[in-house]
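Dock chain to chain to rebuild the complex, using the hints, since each chain is given by itself in its own frame.
Single-letter residue listing:
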Amino acid sequence: MLMWREYWQRWRQHQRYRVFIFPSRYGLSYSVLILIMLLGAINYNNSLGHLLSFLLVGVGHVAMHHSYRNVRQLDYQLGHAEPTFSEQKILLPITFSNQSSRTVRQLEIAYLPSPLTSSWWPFKKFSRYALVYKASAISAQQSCLCQIPLPALQRGWQDLGRLRLSSVYPVGLLFSWFFIDIQQRVMVYPKPIGNKPMPFPSAIESAGVLQPQNGMDDFAGFHRYRDGDAKQHIAWKALARDGVLRTKQFSSPSGQSLLFQWQDVAELQDIEAKLSQLCQWILTADAAGLLYGLAMPNQVIEPDSGDQHRHECLQTLALYGQ
Amino acid sequence: MISIGMNVYRHWRYMVSKKPVIAPSKTTIHWLMVTLSIIAIPHFFYQPLWVAAIFTLMMGWRAMNSWRRWPLPVDKRALKVLHSFFAVLTIVLVFYSYGITIGRDAGVALLTTMAAFKVVEVRSLRDIYLSCFMGFFLVITHFFFNQSIPIVVLMLVNVILLICCLITANESDSSIKHRLKQSSIIVLQAVPLMLLLFVLFPRISGPIWGLPNDAMDIPDSLPDSMTLGEVPPQNNAITGMSDNITIGNISQLIQSDAIAFRVKFENNQFPQRQDLYWRGPVLWHTDGKRWLPLTENQKRHETTSKIHVTGNALSYNITLEPHDRRWLFALDFPTKYPQTMQTRLSADGGLNSVEAIKQRVQYQLSSHTDYLFNPDSDPNLRYGLNLPDDHHPRSQQLARQLLESSTSKTAYIDAVLDYFHQQNFSYSLSPPALRGDTIDQFLFESRQGFCEHYAASFTVLMRAAGIPARIVTGYQGGEINPVDQILTVRQRDAHAWTEVWLPEQGWIRIDPTAAVASNRVDFGIRDLLPAERRSPAAIANHDRLVEIWQSAKNNWDALNSAWDMWVVSYGPERQLDLLKKLGMHQPDWQKMIAWLAIGIALIFVWIAWTTLRQKSVSKNKVQRVYQTFCGKLARFNIIKRPHEGPEDFALRAQHALPEYQQQIASINHLYLHVRYRGDTIAEDFFQAVKQFDPHP
Chain S
1 MLMWREYWQR
11 WRQHQRYRVF
21 IFPSRYGLSY
31 SVLILIMLLG
41 AINYNNSLGH
51 LLSFLLVGVG
61 HVAMHHSYRN
71 VRQLDYQLGH
81 AEPTFSEQKI
91 LLPITFSNQS
101 SRTVRQLEIA
111 YLPSPLTSSW
121 WPFKKFSRYA
131 LVYKASAISA
141 QQSCLCQIPL
151 PALQRGWQDL
161 GRLRLSSVYP
171 VGLLFSWFFI
181 DIQQRVMVYP
191 KPIGNKPMPF
201 PSAIESAGVL
211 QPQNGMDDFA
221 GFHRYRDGDA
231 KQHIAWKALA
241 RDGVLRTKQF
251 SSPSGQSLLF
261 QWQDVAELQD
271 IEAKLSQLCQ
281 WILTADAAGL
291 LYGLAMPNQV
301 IEPDSGDQHR
311 HECLQTLALY
321 GQ
Chain L
1001 MISIGMNVYR
1011 HWRYMVSKKP
1021 VIAPSKTTIH
1031 WLMVTLSIIA
1041 IPHFFYQPLW
1051 VAAIFTLMMG
1061 WRAMNSWRRW
1071 PLPVDKRALK
1081 VLHSFFAVLT
1091 IVLVFYSYGI
1101 TIGRDAGVAL
1111 LTTMAAFKVV
1121 EVRSLRDIYL
1131 SCFMGFFLVI
1141 THFFFNQSIP
1151 IVVLMLVNVI
1161 LLICCLITAN
1171 ESDSSIKHRL
1181 KQSSIIVLQA
1191 VPLMLLLFVL
1201 FPRISGPIWG
1211 LPNDAMDIPD
1221 SLPDSMTLGE
1231 VPPQNNAITG
1241 MSDNITIGNI
1251 SQLIQSDAIA
1261 FRVKFENNQF
1271 PQRQDLYWRG
1281 PVLWHTDGKR
1291 WLPLTENQKR
1301 HETTSKIHVT
1311 GNALSYNITL
1321 EPHDRRWLFA
1331 LDFPTKYPQT
1341 MQTRLSADGG
1351 LNSVEAIKQR
1361 VQYQLSSHTD
1371 YLFNPDSDPN
1381 LRYGLNLPDD
1391 HHPRSQQLAR
1401 QLLESSTSKT
1411 AYIDAVLDYF
1421 HQQNFSYSLS
1431 PPALRGDTID
1441 QFLFESRQGF
1451 CEHYAASFTV
1461 LMRAAGIPAR
1471 IVTGYQGGEI
1481 NPVDQILTVR
1491 QRDAHAWTEV
1501 WLPEQGWIRI
1511 DPTAAVASNR
1521 VDFGIRDLLP
1531 AERRSPAAIA
1541 NHDRLVEIWQ
1551 SAKNNWDALN
1561 SAWDMWVVSY
1571 GPERQLDLLK
1581 KLGMHQPDWQ
1591 KMIAWLAIGI
1601 ALIFVWIAWT
1611 TLRQKSVSKN
1621 KVQRVYQTFC
1631 GKLARFNIIK
1641 RPHEGPEDFA
1651 LRAQHALPEY
1661 QQQIASINHL
1671 YLHVRYRGDT
1681 IAEDFFQAVK
1691 QFDPHP
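Protein sequence lines correspond, in order, to chains S and L. In terms of our numbering, the first sequence opens at residue 1 and continues consecutively. In terms of our numbering, the second sequence opens at residue 1001 and continues consecutively.
Isolated chain L, as found in the complex (with noise of 0.2 Å):
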């Protein structure tokens, strides 16, 4: 007995373990390698080449396996090394790119190439799970570098193409037809679910935990000092306003389109084009090279603030982009503060956030235009005097040569920017590199320059002449798109102005720029840049087209920023207000939790009827086929007469074309069943009217 149990044992563990590994079908691999590649392309463009490189390797080495049958690791030892050896080969060049500490970039590279090797290794069910998944993991890295409405729709060209490769995995003998059809389904019935999570699942505030040091991108933003002179770092990904406004980072900023900041003014009352003025950092201590901001200390001084206004308040709504810094950017001059963040003015004017701006905000504000700020005292007059000893002799001499033949601060001022006007001075985006005595050289020599120049040389001269100076930098002027009634402000329309202090006056605004190339201010940056970046090359010829083109682009741009409000920076604060204008009372997450559990109960009902319902062939339609096959008799001269039913004129046709009787009585055999009973698939009875095809 117990040899029974024991035969009956290992027969039993025979049948049990005779699980064989079921190699995929090269149907499914040949998907797999499509789709990862799909996946694989938009990252080449931020990686370097090796990434793309080891990856078609890998993806050739499968291909040339499933075409020429070339051995795979699997099969030969040497081959087995050889993989190997590539996977080691990059993660050393991983760390050669990146360094030691795996951030963003470094892991989407190490992921992208892992796809690849895991391809050429590709052997059961469970591998094509592994790479598909990895895939979904590739698709969701798109989204570190670009969140655009073109990378949403790959996604769901991506995800569509993923879920298609599970099918595969399943089922490779089906029609490509059929499998792509059955994961579009899958995926579009997603679409609501996903909709529903999206706009109701509770949003936390990341970080979790700490991100790495390149997990944003921040392509441009202001830097918050300068230094006149230096030549400016070319191929910096990363450039913009940082610490040092050097003269180098404003022209490198206009050279890039990217959004600074957009602006939606109340009831849509825009303020003048000669005052959107955005105030930003404020610069006051040089050392002759390069101009830095107060220190903390000295620009904590709220109290002695004065600001005295006149005229309208104007109420406005900024979404800034992430800039990694603390300072906001506002209307010059900001007279009622954000209520959704913490943010403190300092002693010069500028708005800072108190925390460093990671993430795109968005804040409302109200200025004034007409302002008066600080006409009694201010606090760190001094600061707005000082020059460094022995710097700019030249420049020193023009300032006292023009304060002798003034009368004024007033008409100094005025001579300063005359001397601009008059001189031949010129405003440039590419001016010639200057070098030893910055100031001097520019105001004696080149000549060339723009913002920073010219704000920079004339702070030296106030001060130089005894009138307290100081720096702005921010942005001026912006686009208004006519579709959304947006104001879009670029990093190309950084600048940088001076501020000079007169008693009873205060900080009175004065633009240097203007006094050369006064279209700067009136018109924008825009009409400074050359023709081809405000339009194709191609079209620049043609008013026409360059119209349509701005149309197109006007609205397409309406969109993005409405896609960048509501989808891309869709959070914590967003989401309460999207339900507060839905009509929730009071959000919270409980009630959050409720909604969607009483959605999710819809979405499920919904897809469970749509899913298990029987798909009734429309009536119209087999209606519409026996007029078909009526129409193919009627070739023939046997036409339904109105008082028949479908049984006689059958009989009438069988005895007019006895050859064809056989089809013509099965046929309306069908019908009769598919109108009438309902008990027969429609299916053959239209593949019968198709094949019946009566010849003479």
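Isolated chain S, as found in the complex (with noise of 0.2 Å):
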């Protein structure tokens, strides 16, 4: 008695997502293919005909349950997911234990970033799923940290979508997932291009104008590498002692700051250029340990450094217009 709730309650625990299965293009072939043995069995009255037609059922139906096995001795953890460029990747964690004394094999996740519009072809939408992720095997008992990279799209809040974990493992004869809402957004600033030269410093003190790089030489110390620091400026040299990205960070005089106004920008027509440009330089002017703010034609942000002051900025233009 007491084993059959034990049963019960693992079985419910489960029961965190439920898994599809169907036949994949080669299971309807296979099924086809099936039906025409059995119709040649029956028209030349071949019992043997019969027997290997109906193993061949017997393999598709074992074959089943092994594929819904498969996917169904996994559990997930979501993690979240960082800030992005747009058309960069996000990198979303998800950690996948396998609690099974068997080995998950042969993974796929694919995405779908927003639900397109519905059509009367109920497998429209699944074809839609772009294959992002591929994890070979999961060991016994064993976890692992995946990061996912998602397409980031347009700047601004994404909102991350589904996630559908599936594997045809073993045979290839049947699909079999179950999906992975990730009920998150996250941030996607504007790509960062654009070559116009940096303006210069606003000087508050006519006195000592300096350049730019000037400011750049006095070193401050080392911050972790994020993305669009610029290469420059990784140290190398700590990389190959402990394996650590790292990313030099230098001081500027004080009282030297930049301020990126929309007027700076006024030469490029399209918003998408302006927004592209202001953000290359917010990478530059941070990766340099300048001081900087930006004015837009609704917000204005004091001048100020450190990572809270960057995404501050980045998240205003991500933000424009919208």
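Some hints could be false.
[Unchecked claim] Heads up, simulated DSSO-like pairs for lysine-lysine below, C-alpha to C-alpha not over 30 Å straight-line:
id : chain 1 : residue 1 : chain 2 : residue 2
1  : L       : Lys1581   : L       : Lys1591
2  : S       : Lys196    : S       : Lys89
3  : S       : Lys134    : S       : Lys196
4  : L       : Lys1026   : S       : Lys134
5  : L       : Lys1080   : S       : Lys134
6  : L       : Lys1306   : L       : Lys1336
7  : L       : Lys1299   : L       : Lys1409
8  : S       : Lys134    : L       : Lys1177
9  : L       : Lys1690   : L       : Lys1621
[To be verified] Ranges between beta-carbon positions, derived for each pair:
id : chain 1 : residue 1 : chain 2 : residue 2 : range
10 : S       : Glu312    : L       : Lys1181   : 55 to 65 Å
11 : S       : Trp4      : L       : Gln1339   : 36 to 46 Å
12 : L       : Arg1077   : S       : His223    : 53 to 63 Å
13 : S       : Arg25     : L       : Gln1339   : 43 to 53 Å
14 : S       : Arg226    : L       : Ala1608   : 41 to 51 Å
15 : S       : Tyr225    : L       : Arg1077   : 46 to 56 Å
16 : L       : Arg1126   : S       : Ala266    : 25 to 35 Å
17 : S       : Arg5      : L       : Lys1181   : 45 to 55 Å
18 : L       : Ser1184   : S       : Tyr225    : 49 to 59 Å
19 : S       : Leu112    : L       : Ala1608   : 26 to 36 Å
20 : L       : Ala1597   : S       : Trp4      : 20 to 30 Å
In short, the hints are calculated from the structure, not lab data. None of these values were measured; they are calculated from a predicted model. Even for Gly, the Cβ is constructed at its ideal location relative to N, Cα and C.
If you want it as structure tokens, here you go:
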């Protein structure tokens, strides 16, 4: 009696997600194959032909259970995705843990970024999922942390839709999958491009105007590498020493600050190009350790530095006009 | 905003369409090649040589590609042309070998070669699947030619290999052992459902549409007429009793060990050996060479047939192999006819089915070996006296001589039999060819022959003397397998004898062959065959080995006959029969479907349970491995005392072997967790104990 309850609870525990299963393209051809073979066997009154057809039916049935099991044994834990630049990859950390005593194999994770318009064809949406990650094996009682790269689309808040975790293992005749609703939104910054020169620092004190480059000379310390950090500032020696990617930070003399203004990019016609250019400048300034601020038509951010400030500026750009 | 949308869309299209054609790994292609070759090899025995040649050529091409990086058709245009050229050549060869219609053999030849052609151009996962599906088709075509037990074992192996190919296509980086194990598990777990469906799936008797002419293999069967003096055609695959018995035909049948039919006597009551005459077609008309049966019209005189029997009836069950003719065989003389099929007894005592026997059939009969057949009159008597004009002058003369010296018809018959016995006639399975007037030549010159020669010449001598006579063809004898008490009649038991009609006695069977070679009737054809046909030549001289061989053969034959009856010929009737035996009341397809559904549900639950169940390592194994660990420590005189728990023991061991302190502690930790908490993987514990190897 206790055993049954235990089974039931284990079952309930697994019910966190629902596993679906359906014959793959090859599975459908396989069933047509069996049908033809069975018809042939009937026509020729061939008893062993029946036997083979039935064996293949049995194989299909067993494969279904194996395919289901392969996906069902997984448990997952979603992490938080960090803000990313448009058209780069959002890295979504997921920890998959295999609670069972068998290896889980050949997992494929596919992604549908935003629900598209509905279609009369029920599988339309299904075929829109794009493969983003493959895991060849997760051993028994092991966990693995996967960084799932998802496409960052346009700037602004991006709702992370659904992941579909699927597998056709072992024989590829059946496709079993379950959905992971991410239920997160992630900030997508504008794409950092543009080749316009950075505007001069606004000289608060007219005396001692310094080039921003000079300000880069004063080494202030390290911080961890972030996307967008200038390559020339990466501390390669430190990387060789302990394998951690760091960026050298420089401080500029106090009082020197940049203010990136909407007017500075007035020559660019396209709003997106303007935002991209501003974004590019912010990153350069941040990498150089300068103080910088942002003056948008609707909002002004006073010059400052640091991660939080950088995020604030970039987010302002990302949400501009939305 | 539109441009953003477009960008998003473009980006998205790019992501969606980025499904590169993944080339299958070399491992997958190697597996595919090996599997298809194993499947194709049995076909090379039935097919012309060019099939094997083209198959090997194509496989070799692909093999050279993996081994020496030879280019494939896809790499060079010229090779593509070459590949297509071979494909066209194959089709031409198929037409050349088999003619325009694609029958069974031509279809198999095409399928075999096309599988090889496909392997050369495998580029994607799709191609692998296509090739494997062709492989499944090739497996089923084996059964057109052979339905024995070994071929079913081969089927299981082939399916395991094909499933292994599919697994390899999806995951080629795991070990061969793992993939083979996985596919074996899948196939073996599929067996219960296979058996359930095999037994309960409602069988329909085919064919649904027309069959090609070569759909059936009829290796040998009795002909239904005969021609004396023809040289038997050699190398003819389908020989046997055709519309005319040629002298050669029965001699060719005697070369064949194929089974004609099997007989199971009720209560194992066997008739006397010399009564084992299995009656088949009866031959009347002759033009001096050919012997033919009565026409259909002449055969229809059922009402006038009168049979008087004495003694006990013998009941038996015959399983007849298909021969594509309508006649059935029965122990001379059948008195109760089959219930399960439509039959007719012709005026000359031949039992015929209404439809041609195109598949193995089973029927129940009763016979009396002691009988009088049409003792008063027979409607066809006049045909039994016909002899062609101006034929057999010397035989006619002999008949007149013997008749003059005989007092009665019975005495004349004895005189003719004595003539065969006393003159230097001999029984030979390879008599010289006869030319000209075959009967005269046999009676006065060659004097070597077997049943057909004797039956035909005896009939001529009877008719010449005014005694109605006819030839009966069929089988004589058969072998009783002591294992299952089934009497097997093979093609080599084919025989021809004579019936003469005497007033008040009716048709009497007279076997002139017995006058020459009484062994033929008393001991069957087996004794007359050369020793190497009875047992393999290598052991023919060792009596003990022959005996062992014979008993093994009997068991194997019994198994095969059960296999043939219950598996190979399992059809609609046999299914109903079996289900009745299993206790189903009035089986019909609704009941079968209902039971099938219950069975499938049970199998579903069973497989779900076995697959989802967590593999629990038995506590026994954990204990055993712990004992190994203790054993390893015992080498240092650290022996676990009965009252000591694992914790204390480990502490003591750590003290005694300080350099292994860490290992012992970790093994102990793992043991406690595996044994008492069950929250650690047992494998880790096993591994740790395995690696623990203390040195002094």
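Hint-by-hint comparison with the structure:
no., hint, result
1, L:Lys1581 / L:Lys1591, "holds, 15 Å"
2, S:Lys196 / S:Lys89, "holds, 25 Å"
3, S:Lys134 / S:Lys196, "violated, 40 Å"
4, L:Lys1026 / S:Lys134, "holds, 21 Å"
5, L:Lys1080 / S:Lys134, "violated, 35 Å"
6, L:Lys1306 / L:Lys1336, "holds, 14 Å"
7, L:Lys1299 / L:Lys1409, "holds, 27 Å"
8, S:Lys134 / L:Lys1177, "holds, 24 Å"
9, L:Lys1690 / L:Lys1621, "holds, 13 Å"
10, S:Glu312 / L:Lys1181: 55 to 65 Å, "holds, 58 Å"
11, S:Trp4 / L:Gln1339: 36 to 46 Å, "violated, 54 Å"
12, L:Arg1077 / S:His223: 53 to 63 Å, "holds, 59 Å"
13, S:Arg25 / L:Gln1339: 43 to 53 Å, "holds, 51 Å"
14, S:Arg226 / L:Ala1608: 41 to 51 Å, "holds, 49 Å"
15, S:Tyr225 / L:Arg1077: 46 to 56 Å, "holds, 51 Å"
16, L:Arg1126 / S:Ala266: 25 to 35 Å, "violated, 55 Å"
17, S:Arg5 / L:Lys1181: 45 to 55 Å, "violated, 34 Å"
18, L:Ser1184 / S:Tyr225: 49 to 59 Å, "holds, 50 Å"
19, S:Leu112 / L:Ala1608: 26 to 36 Å, "holds, 30 Å"
20, L:Ala1597 / S:Trp4: 20 to 30 Å, "holds, 25 Å"
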